[in-house]
Structures are given as structure tokens and as C-alpha cells.
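Asks: Based on the hints, put chains L, A, R, W and S in the right spot on chain U.
Order-wise, the sequence lines are chains U, L, A, R, W and S. Counting from 1, one number per residue, gives the positions in the first sequence under this note's numbering. Counting from 1, one number per residue, gives the positions in the second sequence under this note's numbering. Counting from 1, one number per residue, gives the positions in the third sequence under this note's numbering. Counting from 1, one number per residue, gives the positions in the fourth sequence under this note's numbering. Counting from 1, one number per residue, gives the positions in the fifth sequence under this note's numbering. Counting from 1, one number per residue, gives the positions in the sixth sequence under this note's numbering.
Keep in mind that the hints were calculated from the coordinates and are not lab data. All the given hints hold, so there is nothing to weed out.
Pairs involving identical chains hold if they fit within one copy or between any two copies, as the list cannot separate such chains.
In silico DSSO-like cross-links for lysine-lysine, where the CA-CA straight-line distance does not exceed 30 Å:
1) Lys165 - Lys66
2) Lys165 - Lys233
3) Lys177 - Lys73
4) Lys62 - Lys73
5) Lys233 - Lys177
6) Lys249 - Lys228
7) Lys165 - Lys177
Since we're looking at a predicted model, the values are computed, not measured.
6 protein chains.
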Amino acid sequence: MLPSTDSLVSLALQEDLAFGDLTSTAIFPPGHRSTARIVARQPLVVCGLEVAAQVFERVDAKLVVKPLLQDGKPAKAGEVLMQVSGATRSLLAAERTALNFLQRLCGIATHAQRYADVVKVQGSAVRIADTRKTTPGWRALEKYAVRCGGCHNHRFSLGEHVMIKDNHVAAAGSIRKAVAAAREAAPHLSRIEVEADTLEQVSAAVAAGADVILLDNMQPAQIKAAIKRIAGKALVEISGGVNLQNLAKYLLPGVDVISIGALTHSAPAADLSMEMRAGSSAR
Amino acid sequence: MLPSTDSLVSLALQEDLAFGDLTSTAIFPPGHRSTARIVARQPLVVCGLEVAAQVFERVDAKLVVKPLLQDGKPAKAGEVLMQVSGATRSLLAAERTALNFLQRLCGIATHAQRYADVVKVQGSAVRIADTRKTTPGWRALEKYAVRCGGCHNHRFSLGEHVMIKDNHVAAAGSIRKAVAAAREAAPHLSRIEVEADTLEQVSAAVAAGADVILLDNMQPAQIKAAIKRIAGKALVEISGGVNLQNLAKYLLPGVDVISIGALTHSAPAADLSMEMRAGSSAR
Amino acid sequence: MLPSTDSLVSLALQEDLAFGDLTSTAIFPPGHRSTARIVARQPLVVCGLEVAAQVFERVDAKLVVKPLLQDGKPAKAGEVLMQVSGATRSLLAAERTALNFLQRLCGIATHAQRYADVVKVQGSAVRIADTRKTTPGWRALEKYAVRCGGCHNHRFSLGEHVMIKDNHVAAAGSIRKAVAAAREAAPHLSRIEVEADTLEQVSAAVAAGADVILLDNMQPAQIKAAIKRIAGKALVEISGGVNLQNLAKYLLPGVDVISIGALTHSAPAADLSMEMRAGSSAR
Amino acid sequence: MLPSTDSLVSLALQEDLAFGDLTSTAIFPPGHRSTARIVARQPLVVCGLEVAAQVFERVDAKLVVKPLLQDGKPAKAGEVLMQVSGATRSLLAAERTALNFLQRLCGIATHAQRYADVVKVQGSAVRIADTRKTTPGWRALEKYAVRCGGCHNHRFSLGEHVMIKDNHVAAAGSIRKAVAAAREAAPHLSRIEVEADTLEQVSAAVAAGADVILLDNMQPAQIKAAIKRIAGKALVEISGGVNLQNLAKYLLPGVDVISIGALTHSAPAADLSMEMRAGSSAR
Amino acid sequence: MLPSTDSLVSLALQEDLAFGDLTSTAIFPPGHRSTARIVARQPLVVCGLEVAAQVFERVDAKLVVKPLLQDGKPAKAGEVLMQVSGATRSLLAAERTALNFLQRLCGIATHAQRYADVVKVQGSAVRIADTRKTTPGWRALEKYAVRCGGCHNHRFSLGEHVMIKDNHVAAAGSIRKAVAAAREAAPHLSRIEVEADTLEQVSAAVAAGADVILLDNMQPAQIKAAIKRIAGKALVEISGGVNLQNLAKYLLPGVDVISIGALTHSAPAADLSMEMRAGSSAR
Amino acid sequence: MLPSTDSLVSLALQEDLAFGDLTSTAIFPPGHRSTARIVARQPLVVCGLEVAAQVFERVDAKLVVKPLLQDGKPAKAGEVLMQVSGATRSLLAAERTALNFLQRLCGIATHAQRYADVVKVQGSAVRIADTRKTTPGWRALEKYAVRCGGCHNHRFSLGEHVMIKDNHVAAAGSIRKAVAAAREAAPHLSRIEVEADTLEQVSAAVAAGADVILLDNMQPAQIKAAIKRIAGKALVEISGGVNLQNLAKYLLPGVDVISIGALTHSAPAADLSMEMRAGSSAR
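Chain U with its partners taken away, still in its complex shape:
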């Protein structure tokens, strides 16, 4: 349903199938039919069934695609995510591209869920959010996978919200001036976030009326001090140096959001495969 996915699927099919599938065309007659099952080979969070279906349908509009699970739900090792039947040539032509989409999206969703689980176990209400450190061309899909894994999205693009960093402050003259300039220029629905490296900057951001304050690369003790200064006048986001191992100690009272680039840029691929059975149950 996301319009940008169309282009990415086109690129993906183009790069694998520009000249067809030499092997399957040589061996399977056009009328040979099979049923394929996409199977999880590890426990994972399902994500990407729609785009995988789109890959199969773009390769051959006559393939019959039947999702058996739902995005955002867990799959056990061995569980079947979706079934596709039709021409064997088409199934094999689409196989790798469909799996490549799924392994990345399930990988991110599964990775995100690990973070979300830590938060849940700790009984915290902190949001774990992604960043704009996504794979070029995959922004919307990867952010969707983060949501499937139970985490949250930060802004989608540079055009929605304001994030004021060092360079902006230097150019504007002060945090106050930067916030004022951004508030004047931005749509009234856009929140303004200020990145702070020091407690002085935190105080200045509060005074400037920032809606969100990003505590960048601060240690827990410094974070606590910052939260005291903010005193509920802005949302508190922390970022930098947080990982699965040390996440628990950042789940401090007063923290609203922890944003983590690794959610999208370093999630390992999930392990999935496609199993085929000649003949076709689906008619």
C-alpha cells in the first residue's frame, strides 16, 4: 500500500530477473506447477508479508498468494508464513527477491522486539524509537518493521519536524534564537526538538520552549540531572551508547524516548526459506 515500495520492488526484480531465470526456464516446462511455503527457520516476528506477496504477483499475476500469519505476530521455527501456488518457473523466479525482503524486515522486527521486551520486563513506559539511519530506499519499510517489533518511530524525514543541533545553534546565535526561528518557520503541527550535550544546553532548551530535548550521549547520572532541570516542561529523549546489554539502566523515570540507530542499520537478517512441492493444491 505504500507508494514507494513499488519502485523498490521494481529495482529488485530488475536486478535479479532482467534476463529471466536461465536455470528454471531450461528445465521446467511452462505448465509445471508447484506450491511453495515460506518457512521461518528461527523464531521471529513476522514482517513484510504484503511486500513479499507483491513480489510474487509482479513476477506472475496468476500466482495465488495466501498469507498464513500476520505482520507483527511471532512465528516459531518451522512455522509457515505464507503459501504461494502456481507456475513453478514463476515461484522460483520470485523466491530469492521475496526472501530478501522478508529476511530484512523480519530481521528488523525481531531485533526491535528484543528491545521492546527489555522495556516490558522492566515495567517501564519508555518508548524505544528508531532514527533516520535507515537503508537508503527502505525508509518507510524499515520504520514499519520497527513498529511491527513493538517499538516506535522517530520522524520520517527532514521535512516534518525540527531537530536543532550544534550547527544550527551556532548559526542562529543561541538556542533561544534557533528555537524561535524554527517555531516561526515550521508548520504549527511540528514539534521542535533540541539536542543538548550539556546541562547548560538543557536549561537553555527548556527556557527556549523546546517541545522535546534530546540528551545526546549522556551517562545515567547526567541524564538524571537533566531530567531534574527539564522538570516536565519538555519530553525527554536520550540517544547514544544505548544497546541491548545496557538498555535497562537507561530506563530512568522521566525518560520518554530512547532512540537507537542500530534498530534499523544493524539488525541481522532473519533466517527463512522457501520450500516447494510439485503440483498445486490451489485451484
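Replies: Quick look at chains L, A, R, W and S alone, frame taken from chain U:
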């Protein structure tokens, strides 16, 4: 220079900049100029300078891009990969997209080099090769990164070479028939690879005249037995279950290629950042 | 600099020049050169010089484009906005497309300024904002034109902020539940706006913690009552039935934003022309 | 059915839905279904039902679209143009884009009909024609809307017919030479039109064998004199300064065509809305 | 300069270079430079220098392209059409695609000239015109090549002019009704052509006021009779069964145009090659 | 099914139908239905039914397309390849584009079969292969047509296999060094071909371990000498100067492949037409 990169850069700019950069437009006047440096924050293998340059130039054709290192070369933590000067608004608009390309490509190249280094240390001549398990839309770029890291490429697409698997054998009736059908249909420059799970299949593949035999998920002992049967009549590729930790024990005499999907699908992102200095040296 | 403009310029050149320019090719030899001036034929607010320049450069990369005014500035009737020199064939091939972009963008900027001027004359701090009622394909450009005319932008797309209307409330069960569901799902930087048709809905929206309340199609008296209920706990936006003639009476204390679809969908085209002089000064 | 519409619809969906619809996704479960009706809120000439249907179908191929009126027919205020049923999320995601197409196309068709009505009332056979002053990217659609409103099209692009203006005459040396050069170069199906500002030019155009003569910015008296000189040897087109108010006095005997840029570039948007009812009759 | 050429060049580079040039990358270091010359290996009419230049520049913007001849001019066997210098890798990557464009365009131009020469030798003023039987994707380029060869273009697309055939007449009820319907609907600049298979149809077409009459598949004697009936009241086009060998006998007085599909669909490729010399003069 | 065909069909529809079909829209009411038959007007090898079907379906998704023959099979003059029923306007709008695809693809397949027939008549096992001398944008389709005609494909692109020519040898220093460099860089599935103009080069290529040796522009006597030197250590390909007339004398023992550019670049178009019958049998 790769034509498909154009489309991916377009998608990437579109997703981050469809409505411009709210923050920088609000704060920097159009005439404000800076110099930016892309800096490695970890030791890494450089990869992607050209596509990063393309990102900057597509955002603003007047930016002056100066690469300081070369793809395929190592960078130390703190080393500057490239420098870009021009309008501050343009530099900040391109920053995240350029870094997102670099962090993935340097990440893969750096990851690949770890495998290549094990081979070198062991004094082996085995090739480490990638697979088609690449990020959709990124096939050409990721395979280029693998080469930058000192590893090799397997086939690029389904249209170039023949890879015969279980399903093909079942449909053809035998390995011999499958190889014959493929040989007849494929271009005379295409090699034919047969996947074998058992020693019987290995023997059948040799007898069928396969150019390359893929020993799928075999343990070292079985691999040795297979190599004996192949006896130099085909190239020997192994795949499945090989990782950085156990790679050394697969570097057996007679093995030509080890292919590893994780080279591309699970390399962690490299850590890079862009540092800015107001004003522009390049004028 | 906006990535989506590229595609629109491509469509525009394609539709006028798919088979070249029959007339000019028949009459002007390729070496014939001219200088063209884009002239305002009415007082207007300049907008679109960059996209017009892009049209000329895409038709012929050797044309020399020189902007003489700046987007967002006024031009008097007869004033020259930009000058372009080079091959006469190229200038004439680009003429209509460049003017078609400019007449629409200057038209919107000029129209917007009339609204902004009423606000200024009244000494009000109310923002006049656009809506998503833009020409398909032109969202980013038209919203830019609104800013050039001194007005503000509402949200750019459905993916940035939350706007809760009747249907959402009905499905969620109450305004409170709708706001809560949206708050949970939306990025922490997204503000939540609730559309209210009655004072009861206004009170419910305040109680639900809406960030912005849209008073839809209310008359001034009702608006005043609503503002009293809101009491500064949310931004106040009004929409519906406001036009240049009656704008002044909606500039009430407590109103933050007035959004007006006609800013973009019904602005008359500005009158501009291109004047040519054979020969080329720019050599 | 027009191939260029595809690209425009893609751009339009991309700009509104690149990251989905935050609000509806948060509130409506995927299975929630509704029926939507597109309603005229003013008397209008229908135009664009096919492209609106395409918007809905591109957002969700399972939506059931049922047109209730036909392009080119009148709709009264309150009349339903089309009905769409299916997933509520999809209906709301497509709503604004579909309406944005319809409001512009119905707007132009409705505007064009006002001109056509004046001609009819006067009992004239003059054609009212559009120009190439269309919205970039919208050429084919807007010219279609003009036809729906009962007016006619001028040429579609620079590549079809010949239109000789001042610059061409100056470069060719004379109207006669310009017409001869164009006649020689143009396809034999292309007519040649000459723009004339003076009666001398009119005579020269007739002598040169122009198929159509454009009387540019002439007053009725001068037009009558020109028509006398043309004496049926060419079609007579007039352009410049004609509007709804003064149209009647230009409907002179001997005039074949009056072309008016405002038909496309300054038609106000038609007022339409989409009304929703939860549940779906179409099942 | 033609906008559609961009897309075709993209497709062409994509299909040959999606994964780069294996051979040249393996052997030439990036800094290796050469000068290449595109040489005619047969006498030909030059056509396509601009699109060939575009191919080189798209592969590598730093290549220096120098055309040495001009489109539409003759080249002798051995003559150099253009010279390109720069990185050897880039020259070889672009070579085949550039030659593939040139061999087709020069082939058509050269083929067309043979027809034009027969006309010239016979002292006839008949136009030889192409048809819409062009290679999909190549319409504008192939029609340009026809002009370079001294022949003329028929209509470019279905959207410009009217061509009434049997089916239209059957549906309309008569030639007269078909012409009237088309005249009413078509732009006033569009000419109306009627296809006639018999002399009765010729008479009907004249009576209906057709601008051009196409004598389809008639023999010279029948053509003469038709011309007599037309008596100058319409342009006379003949089509069907005309080839280089029998062209002369169709060059009858009263014939205006002969259209020939083979001009574009069956022209043999021209023979050209690219010769390289290591090192680069252009530095 | 080939992804690149999509883009070519888009370009083709765009160039013929950007502004619709003036004639048919004027004459046929939208509800008028017909059945069309694509008929061979000469004996030919069928090729392109799928892409022709795609053209009809892209113009109007409701057309019912029924293929009556199969790609790769012969059609006699007068035989019907496919039948399409539905709206007459849509059938006529798609007609020329569908035929233009078919006439080129059937033309190439038919042409290729003439070569394949010579080989068969001579009882030879030599493969006739195409080259990369294809129409830009048509690589995959034209190579498919070659296979339909019973011939074989050479490599598809520069990125799959290695072809070492004079320039590479000069830069590498020797054939041996060039082969070694290519072997090291290329994927292990890629074969390496060396072009040889002399017997010395043939010997050097054999010694260097080339997989395939291309004997370029050699006469039969020289070819025999070369084959003796190669002695089965490499595949033997010959190219240059071979045509239908002299093919038989190149079918020498020891020759594996003969590659011929004219297969794709100079095949004459096949003659096909579309016949219409008002009304529609297919419901």
C-alpha cells in the same frame, strides 16, 4: 557509474527530502557556507565514495566534493574519507543520506575483509564469495562492497549462470538430464553449477559434467570425501554453516570457493559521522 | 533542490516536447542565438525561479540562466525576473513550460500575500495556513509558493501528524479514545489535532489532551465561545468559509491559525511573458 | 487510459502517502469497512471519474468503485458522482488525492461550460479553444476537461502543428519565407498558423498561404477588417483580452475560433466532498 | 534534446551495464586513458551524434566528446564521425551502446536517402514519408532519422491528426458522417485524412471534404483515375506495395506523398566501429 | 514476465497515445465493442505474444486477450496469432503498438530460424549465437526472439562474462596476463573468452587457459588451422563475415559457435495485421 545506483539515490533523496529540510531552511540563510568532512569513527574499509559524492551533487550541483581516500583502502578511526564544501543548507540536507550509503557499504566491505583476512592468515587460496542474499535494490552496490573488502562475487542474477538444485533435478528426472537440458539452453559462456547434499549427488554431478559443484551444508569430513570424488573435474564450492569463527576449518585443500550470505545480509553498519565547520575553504 | 520537482519537470517537458518543436526547428538554424527575458505583466510575488531555471537547463544544458530577482520578493509590472541566453531553438522550446511553472507559482504566492497583507494591516499575529487541497504532483511546490507569499504551511502529508475527524471518533468510540490511540501510535514529535464542529466536541478535545483544535465551519460568535473553553490548553485553528473579503472578522484574539484551501486550489495564474532579442549578450 | 496519467497519479500518491496515513492506521482496524460517496457541493460539470477511480484502485486494488455519473454531464449540488466501498483505511488514504484530481478537473470543465454557454446563447458557431497554458504535468487531463465542458482543444504540443510568431518571421525574413520553410519541414498533415498583430501581417499571411491566422489582441473593429482581408482563405482565430464578460462581442461572423488561456490556468476548483458511512453495502 | 531519449538511454545503459564491465574493470586501472574514434565502415548518412554523445556522458561525465561530422551529412567509409577521450574503462563501457544507437539511426537515415535519391533523380516533388510502424520506444528518434535521410514524417502519434479507415466508416455510417464527426471533435489545426480502397471511396472522401486522401494499395492506373477524381481538392497520399525497386513508377503527377513503413521497420543497420588509441590527446 | 519490458511498453504507449486517439474517440461511442485478430501475412515464427498481450491490457485492463499460437511455433500466412475482444476504442488505440512489437520480434525469430535451418540441413551441431548488437532498450526481448527462432544467446551484458580483445591485451601486456587478471577478478562461474585475429594469438590464448576462443574475421582455411592448435582445450567461436549465403562453409568440424550481429540488428520486420469485426463474441 552503475546505472541502477541512480534510481536508488533518487528513492533515498525522495524519502528524506520530499518536502525539504525544515530545520536548516529555518535557520541558515541561503548564502551560509560550510565545509564538511566525513570521518570514520572506527577502523574500516572504505567503500561508496562515488555514490556518496553523487548524493551531495544531486542535492546541489554546486557543492565541491573532494574524496581523500579510495574505495577498498583502510581508514583508521578519525580519518577523513571525503570533504565537501558549499551551501550549509545543502550539506545538511545530504548528510544523513550520504552517511546511510557509506555506513552500509563500508560496513559490508569491513565485514568482508575480516573473512578475507582469515583466509590470508591461513595461507589459503580459497575464495570467499557472496550470494544473491542481498538487500533488494542494492545488488550491484553490495557486491561491489564485497569486492572492496577483498572477497569475490558469486553470480549477479538469475540470468547469467545455471545453478541446479533439488527441484530442478526432480523435474528433469536426474542430475544428468538437468545438466544436459541446461547446457543446451544456456549461453556457451555460462557455467553450470550443481548443488549436492550427498556424496551420491556429488558423483552424479561429476558424471553429468557439472562445471562447479556446490557442497551444501556438509561437514569437513564429508567435504573431504566429496573432493576426493570430484578429483579436479569441477570447481568445488561449499556453503552453509560457515562463519567467521569456524571458517578456518573449512579452508581445506581442494576447496575453491566458500559462499556466505551473511557477507551482505548481516554486516553491521560502520560508524561514520559528518563534521561541519562554518565557512568554506574551497572558494 | 526538491527531489520531486525533477519528475514533474520531466512530465512537463515530455508532454510539450516529445517530438520537438516543429516551428522553430523549421525556421531557426541551430546556431541562431537569442537572449530571452521573463517579464512580469502584473505586480506579483516572485516564486519558482529555480524550477524555471531547471526547465531551461533540462532543455539545453548550455543555456545561460541569470535570475534577476528572488523568490518571495515583489516584482512590478514590466520588471524582469530572469534572463536566459543561448540557442534560440532551445529558448523557444522551453518558453511555455517555464512560463507555465512560473504563472502558477507566482499566482499562488501573489494570492497568498493578499491574505498575509490583511493580517498585517489588522495587526494580527494569526497565521494563514494552506491545506492538503493542492494540485496532485505539486504539493511541495505549491506549499513553497504559499511560504513565498508570507503565509504558512499546514501538514505536508498524511504521514506526519494526526488529524482526528468525525469518522475516527465514531470508530474509536470517543474523542478521548481516538486521541489516546493516536498518541500511542504516532511518533513523539507528531502533534495531534482534533476537528470540532460543536462546543461539546471542543470540550472533549481539550479534555482528551489534543495539541491543536480545529474549529470547523464555525461563525465568529461560536469561535469566541470555543476559545473560552480551550483557554490556552491547545492551539486554535479555524477553517471553513473564510475568504479575502471576510478574513478580518475572523482575526479574533485566541485564534492561532486560519487554514484556507483556496490559497492553493483557486489562485488565478499570474501574467508573465518571455521577450526575445536575437543575438546574445552573454558571450 | 492516458499513459501520462499513471505518472501523475504516482507522484500524487507518493507526496501524500509516502509514509502512510498516521491517523487512520492508529484508529481503524484493518478489517473496518465503509462506503464512501463523492458528492458535488455545487452545480458542476463532471470530469475525472476515471482518474479518481484509478487513485482509489492504486491505493487498494480491492476497493469496489462504482461511477454514478458520466464525464461531461452536469451534476447538481448534492448529487453523488461515484461510490467506493472497502477498507476504511484505504478510503481515507485515497480521499484527498481523489478529490484533488476531481476538484481541478470538474473546475475546468465547469468553467469551460460557462464559455460554451455564452456561445450557445448567442447562437454562434465559434469554437472556444484552450491553449498550451496548462499546469505542467496536466496537459492531457486539462485538455480533456476542456472538452468535457463543451469547448475545444488547440494543439497539444510543440511537435504537431506550426505556429509562426514574430520571432520566426524576423529570423526567416518574411511571413512568406517563414510559411514556406515550415510547410517544407512539417508533416503534410500539419496545418500552419500565423500570428498577426496588424492588418499588413494579415494580408501577408493570407498571401503566404497560411491555413489559420491568429489575430492577436485585436479589438472587434480591427478583427472585422482582418476578416474582410482573409476572405475565407484561412481559418480565423482570435486571442487576447477575451473573457466571460466580453466574450459575446467577439462572436463575430467569420471568426472560427477564440482561444483563451484562462480556461485551464485560472479555473477555480469545484467544491466536492467525500462522505463516509461505516459498513459496506457492496458485499 | 528530446525528453523521451533520456528514458531510452537509461534502459540501454541499464541492460548492458547493470553490474558494470567485468573485463575492463579487471584489466584497466582507473587512471588509464584513451582516445576513441567512431568510424564509418560503409558510406552512410550520419544520424544520432547527440544521442551517442549522451551515452558517453551518462557513463562518465568527464569524457570529452567531440563530434566531427553533422547529422544529415554523408560520411564516406573510413570517415570519423566523432572522437571521445577519457578513462578507458568508461569508453569501453559505453562503446557498444553508443554504436547500437548509431548503427540503427544511421541505418535508417541511409536507407531513407536511397528513396529520396530516386525522387530527386526522377525530378519529382513527391514526398516520401514514414509511418507509425516504428520500433516501440524509438518513435521520435526514428522519425528524426527519416528527416536526416531527406524524407518526411507522417503523423507522430494517434493524438494529432485524424486518419479515417474502414472501421471508422462502418461505425459512423458513411465517409461523410465520419469526416463530419472527426472535424467536429478534432482541434482546428488537425487535418483529416481518409483511407480509400476504391474509386467510389475516393469520390466520397472528396465530397466529405477530406484534407488528404490515402490511396491504399492501388496500382498506378487506378491511382491516376483517383487523382482525376480528386482534382486538387485534397492532398493525395499513396501507400502499400511501394519499394525502392518500383518507386519510380509511383512518382505520378498529382501524387503528393508516398508513405512507406519499411523506412523505419526494415532498414538494415549501418556498419560502424569504435577504434581506440591508448593515451589521450584531449588533455 | 521480464521486468524491463514494462518500461519499454510504457515508453511505447506514451509515444503513441500521450493525448489519446483523436480519430477513434471522435467516431466510436465508448460502448462500441469489437473482436480483433492478429493475423500473419507471411509465413513466420511466432514471438512476442506476451508483450503484445501486455500492450492491450495496459491500454484497457478489461480487454480479453486469447493467444491462439505459441511463441517459437511457426505460423502460416493467414493464420491468426491471437484474438482480443472488448471496447473498439481500446483495440484501435493498442493496435499499432502491439503490431510494432510483434513485427520486430517475429521478424527476428523468423530471420534466426533461417540460420538454424541451414545448420540443421547440414547436419551440423554448431550453435548460431547472437551478439550484443541489439536495439537499445530491447536486449532481453531480442535475445528471447533469437531463442524462439532456434538459435542461441551470447552473453547478455558486460557484467557476466569476460571477453578479452586487443585493447585489453595491450594494456595487460600479454594474453596470459590479461586472462590471469580477469580470472582473478571475475566470479568463478564466468567463463573467459579471448578474441584472436592470428594463429599466434590462438596459441597464446590456449596457453593462457582461455575457456572460449573467438576467431575473428578468419577465413575457413585459417579457422581449420586454429582449431588444430586449440585441439579441444577451449570452445571455438567464429565471428565476422558470416551470412546466410556463406554460412554452410563455416560449419566446420571443431567449430562450436558462430555469432552473427545481423540476427538482431538487421532482421526485416515480419508482416502482420490486425483485423476487426464489430461486436464481440467473447463475454
